[in-house]
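Sequences and hints are given; from them, build the entire structure.
Chains as they are written, first to last, in this note's numbering: chain V, 1 to 352; chain C, 1 to 352; chain B, 1 to 352.
Simulated from the structure, these hints should not be mistaken for laboratory data. Remember, predicted model here, so these are calculated numbers, not experimental data. Do not take every clue at face value.
If chains are identical, the list can't say which one is meant, so a pair holds when it fits in one copy or spans any two.
Said to hold, decoys possible - Derived pair list, reagent style BS3-like, types lysine-lysine, alpha-carbon separation capped at 30 Å:
#, residue 1, residue 2
1, Lys209, Lys49
2, Lys243, Lys263
3, Lys239, Lys146
4, Lys270, Lys66
5, Lys295, Lys239
6, Lys159, Lys299
7, Lys270, Lys209
8, Lys49, Lys133
9, Lys133, Lys239
10, Lys295, Lys66
11, Lys5, Lys263
12, Lys243, Lys146
13, Lys270, Lys49
14, Lys98, Lys295
15, Lys122, Lys98
16, Lys243, Lys171
17, Lys344, Lys208
18, Lys344, Lys5
19, Lys49, Lys299
20, Lys66, Lys208
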Amino acid sequence: MDIKKILEEYDLDNLAITTVCSHSSLQIFNGARKEGFYTIGICIGSPPKFYDAFPLGKPDEFFPVKTYQDISNHVKELREKNAIIIPHGSFVEYMGAKEFENLNLPTFGNRQVLEWESDRDKERVWLEGAGLKMPEVITNPKDITKPVIVKYHGAKGGKGFFIAKDYHEFKRKVDESQPYIIQVFVMGTRYYIHYFYSPFTSVGYPLKKGWLQLLSIDRRDETTIDEAHRLGSMAELEKIGIKPTFVVTGNIPMVIRESLLPKAFEMGEKIVNRSQDLFGGIIGPFCLETVVTEKLNFKVFEISARIVAGTNPYISGSPYADLIQVGLSTGQRIAQEIKTAIHKKRLLDIIT
Amino acid sequence: MDIKKILEEYDLDNLAITTVCSHSSLQIFNGARKEGFYTIGICIGSPPKFYDAFPLGKPDEFFPVKTYQDISNHVKELREKNAIIIPHGSFVEYMGAKEFENLNLPTFGNRQVLEWESDRDKERVWLEGAGLKMPEVITNPKDITKPVIVKYHGAKGGKGFFIAKDYHEFKRKVDESQPYIIQVFVMGTRYYIHYFYSPFTSVGYPLKKGWLQLLSIDRRDETTIDEAHRLGSMAELEKIGIKPTFVVTGNIPMVIRESLLPKAFEMGEKIVNRSQDLFGGIIGPFCLETVVTEKLNFKVFEISARIVAGTNPYISGSPYADLIQVGLSTGQRIAQEIKTAIHKKRLLDIIT
Amino acid sequence: MDIKKILEEYDLDNLAITTVCSHSSLQIFNGARKEGFYTIGICIGSPPKFYDAFPLGKPDEFFPVKTYQDISNHVKELREKNAIIIPHGSFVEYMGAKEFENLNLPTFGNRQVLEWESDRDKERVWLEGAGLKMPEVITNPKDITKPVIVKYHGAKGGKGFFIAKDYHEFKRKVDESQPYIIQVFVMGTRYYIHYFYSPFTSVGYPLKKGWLQLLSIDRRDETTIDEAHRLGSMAELEKIGIKPTFVVTGNIPMVIRESLLPKAFEMGEKIVNRSQDLFGGIIGPFCLETVVTEKLNFKVFEISARIVAGTNPYISGSPYADLIQVGLSTGQRIAQEIKTAIHKKRLLDIIT
Numbered sequence: 001m002d003i004k005k006i007l008e009e010y011d012l013d014n015l016a017i018t019t020v021c022s023h024s025s026l027q028i029f030n031g032a033r034k035e036g037f038y039t040i041g042i043c044i045g046s047p048p049k050f051y052d053a054f055p056l057g058k059p060d061e062f063f064p065v066k067t068y069q070d071i072s073n074h075v076k077e078l079r080e081k082n083a084i085i086i087p088h089g090s091f092v093e094y095m096g097a098k099e100f101e102n103l104n105l106p107t108f109g110n111r112q113v114l115e116w117e118s119d120r121d122k123e124r125v126w127l128e129g130a131g132l133k134m135p136e137v138i139t140n141p142k143d144i145t146k147p148v149i150v151k152y153h154g155a156k157g158g159k160g161f162f163i164a165k166d167y168h169e170f171k172r173k174v175d176e177s178q179p180y181i182i183q184v185f186v187m188g189t190r191y192y193i194h195y196f197y198s199p200f201t202s203v204g205y206p207l208k209k210g211w212l213q214l215l216s217i218d219r220r221d222e223t224t225i226d227e228a229h230r231l232g233s234m235a236e237l238e239k240i241g242i243k244p245t246f247v248v249t250g251n252i253p254m255v256i257r258e259s260l261l262p263k264a265f266e267m268g269e270k271i272v273n274r275s276q277d278l279f280g281g282i283i284g285p286f287c288l289e290t291v292v293t294e295k296l297n298f299k300v301f302e303i304s305a306r307i308v309a310g311t312n313p314y315i316s317g318s319p320y321a322d323l324i325q326v327g328l329s330t331g332q333r334i335a336q337e338i339k340t341a342i343h344k345k346r347l348l349d350i351i352t
Numbered sequence: 001m002d003i004k005k006i007l008e009e010y011d012l013d014n015l016a017i018t019t020v021c022s023h024s025s026l027q028i029f030n031g032a033r034k035e036g037f038y039t040i041g042i043c044i045g046s047p048p049k050f051y052d053a054f055p056l057g058k059p060d061e062f063f064p065v066k067t068y069q070d071i072s073n074h075v076k077e078l079r080e081k082n083a084i085i086i087p088h089g090s091f092v093e094y095m096g097a098k099e100f101e102n103l104n105l106p107t108f109g110n111r112q113v114l115e116w117e118s119d120r121d122k123e124r125v126w127l128e129g130a131g132l133k134m135p136e137v138i139t140n141p142k143d144i145t146k147p148v149i150v151k152y153h154g155a156k157g158g159k160g161f162f163i164a165k166d167y168h169e170f171k172r173k174v175d176e177s178q179p180y181i182i183q184v185f186v187m188g189t190r191y192y193i194h195y196f197y198s199p200f201t202s203v204g205y206p207l208k209k210g211w212l213q214l215l216s217i218d219r220r221d222e223t224t225i226d227e228a229h230r231l232g233s234m235a236e237l238e239k240i241g242i243k244p245t246f247v248v249t250g251n252i253p254m255v256i257r258e259s260l261l262p263k264a265f266e267m268g269e270k271i272v273n274r275s276q277d278l279f280g281g282i283i284g285p286f287c288l289e290t291v292v293t294e295k296l297n298f299k300v301f302e303i304s305a306r307i308v309a310g311t312n313p314y315i316s317g318s319p320y321a322d323l324i325q326v327g328l329s330t331g332q333r334i335a336q337e338i339k340t341a342i343h344k345k346r347l348l349d350i351i352t
Numbered sequence: 001m002d003i004k005k006i007l008e009e010y011d012l013d014n015l016a017i018t019t020v021c022s023h024s025s026l027q028i029f030n031g032a033r034k035e036g037f038y039t040i041g042i043c044i045g046s047p048p049k050f051y052d053a054f055p056l057g058k059p060d061e062f063f064p065v066k067t068y069q070d071i072s073n074h075v076k077e078l079r080e081k082n083a084i085i086i087p088h089g090s091f092v093e094y095m096g097a098k099e100f101e102n103l104n105l106p107t108f109g110n111r112q113v114l115e116w117e118s119d120r121d122k123e124r125v126w127l128e129g130a131g132l133k134m135p136e137v138i139t140n141p142k143d144i145t146k147p148v149i150v151k152y153h154g155a156k157g158g159k160g161f162f163i164a165k166d167y168h169e170f171k172r173k174v175d176e177s178q179p180y181i182i183q184v185f186v187m188g189t190r191y192y193i194h195y196f197y198s199p200f201t202s203v204g205y206p207l208k209k210g211w212l213q214l215l216s217i218d219r220r221d222e223t224t225i226d227e228a229h230r231l232g233s234m235a236e237l238e239k240i241g242i243k244p245t246f247v248v249t250g251n252i253p254m255v256i257r258e259s260l261l262p263k264a265f266e267m268g269e270k271i272v273n274r275s276q277d278l279f280g281g282i283i284g285p286f287c288l289e290t291v292v293t294e295k296l297n298f299k300v301f302e303i304s305a306r307i308v309a310g311t312n313p314y315i316s317g318s319p320y321a322d323l324i325q326v327g328l329s330t331g332q333r334i335a336q337e338i339k340t341a342i343h344k345k346r347l348l349d350i351i352t
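Below is the structure:
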């Protein structure tokens, strides 16, 4: 795989911002369009009809494939179209991390982040190594003396996750047939912070190398947990056989108190610095999934190393992005970054 | 009632967008103003003073009447002013569905929708006939074996609604003196999806006849249920004599995960198609009140066949509307539709 | 302290909008910038690095001091810079109300409001004297027969607040070593309403003297209470030794149902009128912290007599502000007010 060589054959005046039609694709296409790029929407099967309802979010061209895995069979055609791939959560999840890593197409961001993000142990090495506070892990269930959340490995969208207040509750709820991790449940309010790291756009929080921006913040809305209290408490629900789930269904816009911003930037800075030491560095958008405790400290429970769906409320700007450029979205920011890289002849700094 | 004849006498260059001062009227007037229309605010009693605080949402003219029912006594004057009525929830509810149906004034939308929407049984025929999944109805309370929500007929804004987990709880809570309906309580996150159906604007999801748009999504905020958990669980509250209520007090902006959009459009499509078979078709804005379950399926618990107050957070656009036209509101969309109809000489397609 | 004299020495063509770098300062600087003002950010210690990430919210100049109290030692330099102080919650709280009242610098708003706002008894005299409904206070804990919220005097950000359903729960939870107040817990949905009072801008709800605007509404997001239900009910949490706290961490944008707006304006009107009788009147932004009950009545539990952080989601407008001027923020509204006052030569009407 020689991305440099592929890019050399590209017509840089006619790049095509390309992603799979799902997740945050409306925003990605909309943002690319605002910056004047041609857009390609890879779709699984026929082009989804609903894009017709969103002319400013519709790609210029649909590129149908049979399955996510089938994308790999079409790299030649996509290269002929000067496609730059913008990864998003569903793209990587449904294609498979391995398959995505080996996709022989120029891709925005550093693909090496994948192995550090998709493996819970490596993720912890990265985040804790950076000095971030994560929820404590309990290895022996008998040590559960305070509330914990139990997460099954590879569970999609929070399926099967459960909360237990002690060992007995854990035993009653756990499915031992699946591998799981036990984390201390951190009480607090959740904030999903959307960052953008640039190696060369000099508008931003200055880092050792490069600049950091904070574009927006959201809260994930999860079914059924987020409205379960309308029926009863966790314990009451369990008695009637109902187990709330943690499946993400939407996103709510929010802001955080201003005095927490310095801490938010420090966290972002540490994450980026550590990533540069570990694997050449994270590039572009990433999201820290945090809880703010009663002492106003952040605990980080996960990182997403690309655009998250939580940026979708902010297709025309956010209370933070508007302080950079009115109306700026993460999708548009990505397109700007590519544009700047072309102009500075530094595409290889942000494309792998 | 001959709307065609009334419209023939109208000065189409000087139509007046007219609604009752309540519910979503600021948005309706603001949207009409953006499209260059003259606006009339029917007010019950004296003109509400608060419009002075919102110059871009204030009608050009107030038209005071004594009561909602009194509007019917003023049709002649309103016709002389070329009034086109834009119905909203409070308008129809407080005037009375029958009275509104017989209001001898050109009205945006298809008034025949009223009898299909205001009668729970007919609403179910429509929605289930369209293939949508609604919460199951339980006719015999003794069959309550899982959580249900009990709704009294004609209860305004959710007053008196309650949740029961079994027959005994139902018996303890029910007021047998009122007619009620028992629906299975669907666990999940609520999304109120704001659609717009147009018979002739060709920007949108194409249907058998006409086009469908999705303009925004909100969640209703209901007192006291939505913050009751701050005090205790439903069962704990009951013990101290507190019964949470479901009275709508506000709206929270949200987005849904992009992969649910195809399903959202399919639901809208089915609703429109079925309405065309049943009663000549729904026109303009409507809202499906949904719950997304842990399996990422929609259940629909109600339809509102006109502009809903849930569009009020989006007076200057939404994450969806901005993909059609930056800054577009449902109020403005209504005004655009009327403008287009005048231009195409097809007013009778959208006015009844 | 002679503000009139200080202002006479100011170069009114070169005023500097000045505030402490925290709370809502990004919005204040951004708003001032939109109106063409020079801006100064007083910072405790070194200039916070994170402003670099928000070029449109960064002050033109940082003015470092050692502590909040140290600001008083720099009034001469700040006067030479033509500084107009914009107070916000953190500014007043961390500097100390007394210190702030005596700060010898021209300050936006009426500083006399401080003694009426910071003392719970005087606040109640003001609000109840204005005819607003506040939660009932219980003086003898033995009279607790329904749910109450117990607040410690001077507790920052809701720390230590707790809810008790009866006298026994109160006794179990209370820390008698601190002074406290017991308020009846009002069930309902919370709305924080952001008003702006102007003595001379004639766009607004007309009052006896001056005009009132409503710029936006939010809900405070409080850790750990607002997500505690994910773990269990209050009673269940208490059993495992967890006491939810009420520390503000963020803000969620919302709108209220339109039919509540007349009541919201009446409340604002009464507050302003009463303040004019009591102490010369509140000026500029203030916030009523309300609960809407199931009968659709407002209960007011507190007033903030200056810009609140709840306006931060609305840095580029709100569903209400956009009906006055598209994109207007409270920060910008403050800057406009100062601009108008200069133009009308009435600075002393809004500066104390």
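For each hint, the structure was consulted:
Proximity of Lys209 and Lys49 under a CA criterion of 30 Å is satisfied inter-copy only: 15 Å between copies versus 43 Å inside one chain copy. Taking the shortest alpha-carbon separations for Lys243 and Lys263, only the inter-copy value of 25 Å comes in at or below 30 Å, while the best intra-copy value is 35 Å. In this assembly of identical chains, the alpha carbons of Lys239 and Lys146 lie at most 30 Å apart whether taken from the same copy (21 Å) or from different copies (12 Å). Taking CA atoms no more than 30 Å apart as the test, Lys270 paired with Lys66 passes between copies only; the shortest distance there is 27 Å, against 41 Å inside one copy.
Taking CA atoms no more than 30 Å apart as the test, Lys295 paired with Lys239 passes between copies only; the shortest distance there is 22 Å, against 33 Å inside one copy. Proximity of Lys159 and Lys299 under a CA criterion of 30 Å is satisfied in both settings, with 22 Å inside one chain copy and 19 Å between copies. In this homomeric assembly, Lys270 and Lys209 come within 30 Å of each other (Cα to Cα) only inside a single copy, at 12 Å, whereas the closest approach across copies is 54 Å. Within a single copy, Lys49 and Lys133 get their C-alpha atoms only as close as 44 Å, which misses the 30 Å cut-off; across copies the closest is 22 Å, which meets it.
For a Cα distance limit of 30 Å, the shortest separation of Lys133 from Lys239 across copies, 27 Å, qualifies, whereas the shortest one inside one copy, 34 Å, does not. Taking the closest pair of Cα atoms, Lys295 and Lys66 come within 30 Å of each other only across two copies (24 Å); inside a single copy the shortest separation is 50 Å, beyond that limit. With identical chains, the CA atoms of Lys5 and Lys263 are never at most 30 Å apart, being 41 Å at best within one copy and 42 Å at best between copies. Both within a single protomer and between protomers do Lys243 and Lys146 lie at most 30 Å apart by alpha-carbon distance, with minima of 19 Å and 13 Å respectively.
Taking identical chains as interchangeable, the C-alpha atoms of Lys270 and Lys49 lie at most 30 Å apart only when they sit on different chains, with a minimum of 14 Å there against 43 Å within one chain. For the identical chains of this complex, Lys98 and Lys295 are inter-copy neighbours only, at 27 Å across copies versus 40 Å inside a copy, given an alpha-carbon limit of 30 Å. Proximity of Lys122 and Lys98 under a CA criterion of 30 Å is satisfied intra-copy only: 16 Å inside one chain copy versus 52 Å between copies. In the homo-oligomer, the alpha carbons of Lys243 and Lys171 lie at most 30 Å apart both inside one protomer (14 Å) and across protomers (25 Å), since each shortest distance falls under that limit.
Taking identical chains as interchangeable, the C-alpha atoms of Lys344 and Lys208 lie at most 30 Å apart only when both belong to the same chain, with a minimum of 20 Å there against 50 Å between chains. Taking identical chains as interchangeable, the C-alpha atoms of Lys344 and Lys5 lie at most 30 Å apart only when both belong to the same chain, with a minimum of 18 Å there against 55 Å between chains. Taking the shortest Cα distances, Lys49 and Lys299 sit within 30 Å of each other only across copies (22 Å), while inside one copy they are farther apart (41 Å). Taking the shortest alpha-carbon separations for Lys66 and Lys208, only the inter-copy value of 27 Å comes in at or below 30 Å, while the best intra-copy value is 44 Å.
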